[in-house]
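Each chain is listed here by its residues.
2 protein chains.
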Amino acid sequence: SALQELKDTIKPVIATQKVSMEKIEVKEKITPEKETIETLLPRVRSLRMHISDVLEKDLDIAYIAGWIESKMKIGKIIFAIIRDGTGRIQTVIKKQDNEELYHHIEETPLESFVFIVGAVRRDERAPGGKELKIQEYYVISKSSELKVPLIQLGTSSLPVRLHYRYLDIRRRTMRTVLYLRSRITHYVREFFMKEGFTEIHTPKIIGTATEGGAELFPLLYYGREAFLAQSPQLYKQMALNAFERVFEISAYFRAQPYDTPRHLSEFWSIDAEAVLFGLDDLLETLEKLIHYIKKKLEKNESQHLKTLNVSIPKLPEKFPRLTYSEIIEQLTNEGVSIKWGDDLSAEALHHIANEVKSPFFIIEWPATVRAFYYRPDPYNPKVTRSFDLMWPTGHKSLPIELSSGGERINDIEILKRNLQERGLFPESYGWYIEMFKYGMPPHAGFGLGLDRLVQAILAIPNIVDTIMCPRNPKYLVP
Amino acid sequence: SALQELKDTIKPVIATQKVSMEKIEVKEKITPEKETIETLLPRVRSLRMHISDVLEKDLDIAYIAGWIESKMKIGKIIFAIIRDGTGRIQTVIKKQDNEELYHHIEETPLESFVFIVGAVRRDERAPGGKELKIQEYYVISKSSELKVPLIQLGTSSLPVRLHYRYLDIRRRTMRTVLYLRSRITHYVREFFMKEGFTEIHTPKIIGTATEGGAELFPLLYYGREAFLAQSPQLYKQMALNAFERVFEISAYFRAQPYDTPRHLSEFWSIDAEAVLFGLDDLLETLEKLIHYIKKKLEKNESQHLKTLNVSIPKLPEKFPRLTYSEIIEQLTNEGVSIKWGDDLSAEALHHIANEVKSPFFIIEWPATVRAFYYRPDPYNPKVTRSFDLMWPTGHKSLPIELSSGGERINDIEILKRNLQERGLFPESYGWYIEMFKYGMPPHAGFGLGLDRLVQAILAIPNIVDTIMCPRNPKYLVP
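As they're listed, the protein sequences go chains A and B.
So the mapping is simple: this note's numbering equals the position in the first sequence, first residue as 1, plus 76.
So the mapping is simple: this note's numbering equals the position in the second sequence, first residue as 1, plus 76.
For the record, the hints were derived by calculation from the structure and aren't laboratory data.
Since the list gives no way to pick one copy over another, a pair counts as held whenever it fits inside one copy or between any two copies.
Lysine-lysine pairs mimicking DSS-like chemistry, simulated, CA-CA at most 30 Å apart:
| no. | residue 1 | residue 2 |
| --- | --- | --- |
| 1 | K270 | K133 |
| 2 | K371 | K270 |
| 3 | K270 | K382 |
| 4 | K382 | K370 |
| 5 | K209 | K513 |
| 6 | K270 | K370 |
| 7 | K364 | K133 |
| 8 | K270 | K372 |
| 9 | K149 | K513 |
| 10 | K513 | K218 |
| 11 | K371 | K472 |
| 12 | K270 | K375 |
| 13 | K472 | K394 |
| 14 | K394 | K382 |
| 15 | K492 | K218 |
| 16 | K372 | K472 |
| 17 | K513 | K147 |
| 18 | K550 | K472 |
For reference, chain A alone in the conformation it holds in the complex (with noise of 0.2 Å):
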């Protein structure tokens, strides 16, 4: 894989033709003598095109500024190519043609930043098409030698290449997921916002281990003890006092021992919230929403989906939609002992995940696997109008808990009730049980586990490389 990178990057294209520098119109002329950081800069910024821009655009000189990626004699000739955050282009220099700005590229270490006038030469064989033959050459920041190669870094070990991450996110592979996530969290804000969701922003502090104390980062807030938020859900449930229908994505924490490839303890989660709807409407926004994204990022990032060696599954338009009892008796058939009221784990439901193949729902979860606030269903009290959504990955991996989700409680009178069957005391709930005195209205929502769906969605093995900078009981640093 790291050998394939490498074969892909580099291409070397030996000159065929000469380049009549006459007609390269300079913008402005760029005098090596004398030339300081300082002179140089300004003149950079000016000048300075994307490598994007070079590989599309009609131009016979080139201005671009970036690392060099790779460099590769044959001859006397060097084949280097640069990459900036746009793309990447090759250059060419012959030792005949500048023996002086030979030895210099030569000598400059891989993953410096530099900055290159070259003639613009179109060229099949070249990557992008087009190859830059260098007129002059600046090293704006020299990077010292790197103690591992950036192509090795691909197949080194997690703790590595997270001490390199600053390198790491330069490999191809890294940046294309980041941009890919990046992209991902676009089109589920536009998707939002045409369904007619207003963005919100709920506090990530909060004063009161309300959603069950033990997954919670305890922090000092000026003398008190404080928390850090694991949802926006009491919050989100509020702003329904304001807005119709509401969503945010944002970080959350949860104070939970797993050290597993789908465990974040700061995680990036979409919650959505709105008023009236009901639990087929929380189905069909998630249905709507994960075949948005897809159409999107098939449309638009074809190119970098490509990259990574990914093809987004075919998702039928309706996902599947077991109940709780019938995944227990499924279960159960198999061999799996799990008592009708206990919680599923994705070990447990890896067998169905890989006979169902397409993203299904789970609905109808009894009470006492759910979080306080979820209402019960009014025509069998046992379960409740709640669901999850899980992705199969294949054979071998366990299926994706995706996102969990459904009705709530309005009624203040079943929502203490509820709680008192928990031995929680309604009073340590304050403003959140007396907001269901004034006119709450009945309402739905879902959490969406962000860095999950990125990786569902690119197939990734392990959370931890859907995100710049993961954060779980080993990962603090970076």
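Position chain B against the provided structure of chain A, taking the given hints into account.
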């Protein structure tokens, strides 16, 4: 003001024309007999229309769900304003038409959430130009009697308003501010994406107190000490290793003991950073951004600005650029004694802001008052290539410090020296310092307070009213 809001809300319309019920096409007949919330809800979900749609579309009959915002009895007619997340509409019932319904409505407390089927009647005098003659009426979620009537909350003290924040955000003013906050956030993102910036997600929990420990909230992270990030500074610089230009909009945390109308302990920040940007690029980006937001708000949100009685001041295309030294000189002339090298408070800048009137930049700040990562001006190393953006708020109020930023040091030796000169140890900066060994390009960036931006643009006196649930030394709840 509360009186004005009351007057704006209730403009009773005396029925002058008779509506013929035969003309009304009923989508589905709802029979009030034996109706329970369970049988009613699915039908409410399928039938209800948003009030904004009822006001816009040409309908004979409307199905709405919302809160009773106000009621007024004139003779034997009740006028009730119903509000949902999209707007408000006047409804009317005459005692003579349905005495039972009349009493039912008369007895329902304000802020109850109700479902109404009504005949639509055009009437210029009603808010929105339409009125609903109530045909059917269901209380979906009955409110208790309000301890503070909604209409009075607006003039109540801040502690009372925050105690009832879930009601406070039902008020037109607060809802509009929070809505415009969501729009401003959207326009900011739209701007950065158009400018080729990639959205990033940086960690909010950090391992070491890098940028001055005094302002950090400590937390317990799996038995270790950790801190809440006060900005994405070091991480957005890291992200430049992958992308050309990056931005993030997220919550950050500062343990500042300030209880002022300008400070939040949990604030939202707009952060941007770009490779090869210089100071001028930053200032131009901010000017363009603020003009972009202004244009978008005036074009798309004029109705909401009107609700708040806000008109965004005329802004010069270029904001004045004053050097720190010029400011010191001017302050000295005005009798404010500040030593060169000291920080400038908003109080000190008050007079200057009143003279300049438009937003203005203060540039060339001494290194002594800037963080260690700001780049010294190579031609005058006593000052840095940095800026603050100030927003004057009028004669009596202090200017708002909206944004700070500048060029960053990208040379590891200068960075180390800078840390040592401040009595800090480069060794404790781990990956951050190491990163500069490997071809770190020149770059620059800024942070822009989102809450303060909302405060400045919408002229909101206290920053706690730019966000649903503010956090400061006083407020940790709701």
